[in-house]
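Based on these hints, arrange chain B with the ligands on the given structure of chain A.
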Amino acid sequence: MLSELKNNHHLSIMTKIKTLTDLKHLKDKIQLKNGLGKSGDKSEQIIQIKVGMATCGIASGAKEVMKYLIEECEHLAVDANVKQTGCLGYCYAEPMIEVLIPGSKPKVFGYVNNKKVREIIENYIIKGEQVEGEIPISFKTINN
Amino acid sequence: MTDPKKQFRIALRNCGLIDPEQIEDYIEQDGYFALGKCIIELSPEMVIDEIKNSGLRGRGGGGFPTGLKWEITKNVENNQKYVVCNADEGDPGAFMDRSILEGDPHSVLEAMAICGYCIGADTGLIYIRAEYPLAIERLKIAIKQAEEYGLIGDEILGSDFNFKIELRYGAGAFVCGEETALIHSMEGLRGEPTFKPPFPSVSGYMGKPTNVNNVETFASVPVIINKGANWFNKIGTEKSKGTKVFALAGKVNNVGLAEVPMGTTLREVIFEIGGGIIDGKEFKSVQTGGPSGGCLTKDFLDVPIDYDNLIAVGSMMGSGGMIVMDEDDCMVAIAKFYLEFTLEESCGKCNPCRIGNKRLHEILDKITSGKGTEEDIEKLKILSDVIKDTSLCGLGQTSPNPVLSTIANFGHEYLAHVKDGKCPAGQCKSLLRYDIIEDLCTGCTLCFRHCPVGAITGERRSPHFIDQSLCIKCGVCFEKCKFNAITLT
Ligand SMILES: Cc1cc2nc3c(=O)[nH]c(=O)nc-3n(C[C@H](O)[C@H](O)[C@H](O)COP(=O)(O)O)c2cc1C
Ligand code: SF4
Ligand code: SF4
Ligand code: SF4
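Read top to bottom, the protein sequences are chains A and B. For the first sequence, the numbering used here puts the final residue at 157, and the numbers step up evenly by one. For the second sequence, the numbering used here puts the final residue at 492, and the numbers step up evenly by one.
Isolated chain A (complex conformation) (with noise of 0.2 Å):
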């Protein structure tokens, strides 16, 4: 589902991995091409915007917030990678977008319209304000 819309980064041709080391130079590509490898140059990487696209967030209009963001996105010309996630379990507070600006902490947004998708791209991701809504995630995960 939403695979015309997003921004597809499966490594074109899928070959099979046939050895353990096989997995471990993919695992190598896929980090450098996403810029989070040793010799990834972090200044390069480009905005991330992960829209939370499971059950509950599609029940509170989730679909319709991804689209927008990726034609407002285009429409104000900022590039940036939009791509569907799950449920970050926050489900009180959806649709709830994650912008990660390089160089900047993680923001996650909830209780997104378009109205607030728009506010989001002008006033925090081009101009660099403030914007409301932000929901604090605080969690430990396995690797931290």
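Derived by calculation from the structure, the hints in this document are not laboratory data. Every residue, glycine too, gets a C-beta built ideally from N, C-alpha and C. Nothing false has been slipped in among the hints.
Simulated DEER-style distance windows between Cβ atoms: (1) ASN236(B) / ASP92(A): 41 to 49 Å; (2) GLY429(B) / GLU135(A): 43 to 51 Å; (3) HIS38(A) / MET49(B): 21 to 29 Å; (4) GLY429(B) / GLU147(A): 34 to 42 Å; (5) ASN256(B) / ASN94(A): 30 to 38 Å.
Cut-off 20 Å, straight-line C-alpha distance, at most; resulting in silico cross-link-like pairs (SDA-like, lysine to any residue): (6) LYS40(A) / ILE43(B); (7) LYS120(A) / ILE150(A); (8) LYS153(A) / GLU275(B); (9) LYS40(A) / GLU44(B); (10) LYS29(A) / GLU158(B); (11) LYS237(B) / ILE155(A); (12) LYS31(A) / ASP125(B); (13) LYS40(A) / GLU151(B); (14) LYS120(A) / ASN257(B); (15) LYS147(B) / MET27(A); (16) LYS31(A) / GLY156(B); (17) LYS42(A) / GLU151(B); (18) LYS153(A) / LEU20(B); (19) LYS153(A) / ILE238(B); (20) LYS42(A) / PHE36(B); (21) LYS40(A) / GLN32(B); (22) LYS40(A) / LYS40(B); (23) LYS153(A) / ALA232(B); (24) LYS40(A) / LEU20(B); (25) LYS37(A) / LEU45(B); (26) LYS9(B) / THR154(A); (27) LYS9(B) / ILE238(B); (28) LYS29(A) / PHE36(B); (29) LYS40(B) / ILE155(A); (30) LYS230(B) / PHE152(A); (31) LYS153(A) / GLY266(B).
Positioned in the frame of chain A, the structure of chain B with the ligands alone reads:
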């Protein structure tokens, strides 16, 4: 806002962070490295030891040690075995498993393959309810992508281990989450439980040894392999290791998912992660364990959550539903609600469950409509014990728990219903009483004109009167009166 960091995400580690429809996102988070490590570097025995040492217990409700289950299934000789993932998730209010499957399907596929490697199975089956279309769609995409990369299929990572995964659909009956019923349903038979033993590990799907685990159990496995049993077993309590995902619902501000280390208290989950009770109302009770669980009072808020502690206080872990109730909830009505669910979902195979629960429900209904007696409360207890002792499967064996726990913890509410004819929470309509206070009534006739059943009489400019035998307790008069002349007791 404080930053309590009470949550620790293992099963949910990737949910909301990666794109579940892109296997590369999962691989970037070390996805399939645990499987690779197992089949290339470890023997099945070594993997099973690791899972055993981790202390992982089943997250589907029973809490059976996962490593031990794998070992038992491994040790049954047979050239055909199966790995089954139980994604039936039938508890009202529970959606942990759905979120994992929608947000990180590969974590489950990877773990099923690891289990297959350990027990000697070449086929995995995911039993999922048809009401989860998005989870099904994402699982299908995930299986296809993993097959394309050769991470599932024949000769995985150049080894001689083959493993394929298929989906099986359930119609959403709660009892089909019980493992024997689930297996019968997959075989195309009626989804009814059968007596154990034989356990599925010995004779399961198509009579073959079958290892059944829950979605969340599986989702924790790759982390244990990657991080090590000793990393995992440092989290949690003495007998319950790791974390548990709860679906917080009811009268709590932050409805959603919370994954916390075992040993976290109910208070921390409800008041810190859950943000407390809606509209600042008073907490009354928390229900864990779904229709099999119990309702706990505020006296239990500081109990550290783990399998054994919850059972000790008369509830249970269950699959992770956590429903919070406030001062406006009537505990007798809550018990009745769960019984309604049970009645609806009982497969009807055995009498104590089919008929006994119906009787329990009738008595509860009698109490909530104001016709109950103290004797009825005793009857509830006796009947509950019989149902628990004589039912065939877990559904019947646990179905009286909501009744027993509300009687034990909220006995005064039952007594108020049967002795004083009052519902303290004001929920049981039949027990409400609207009266007009003569001295305050101006005889404006407003209530008389709005009463839908003509229960109010009175002359203009003289006090009105409610005929209790006609009143249907709709509350319209109470709302309409501009002189506060109507009381609700
Ligand atoms: C009435 C009933 C319903 C159940 N529903 C589920 C369910 O929806 N999901 C689940 O994983 N286990 C459910 N179980 C438990 C399963 O029978 C089984 O113990 C479990 O799937 C084993 O996996 P685990 O060891 O990983 O928890 C249910 C049990 C009973 C008695
Ligand atoms: S206890 Fe209830 S659900 Fe279980 S087998 Fe008997 S009738 Fe069916
Ligand atoms: S509660 Fe409803 S039915 Fe009863 S007297 Fe008032 S308006 Fe009439
Ligand atoms: S609305 Fe109030 S004041 Fe008017 S007649 Fe009814 S009880 Fe009396």
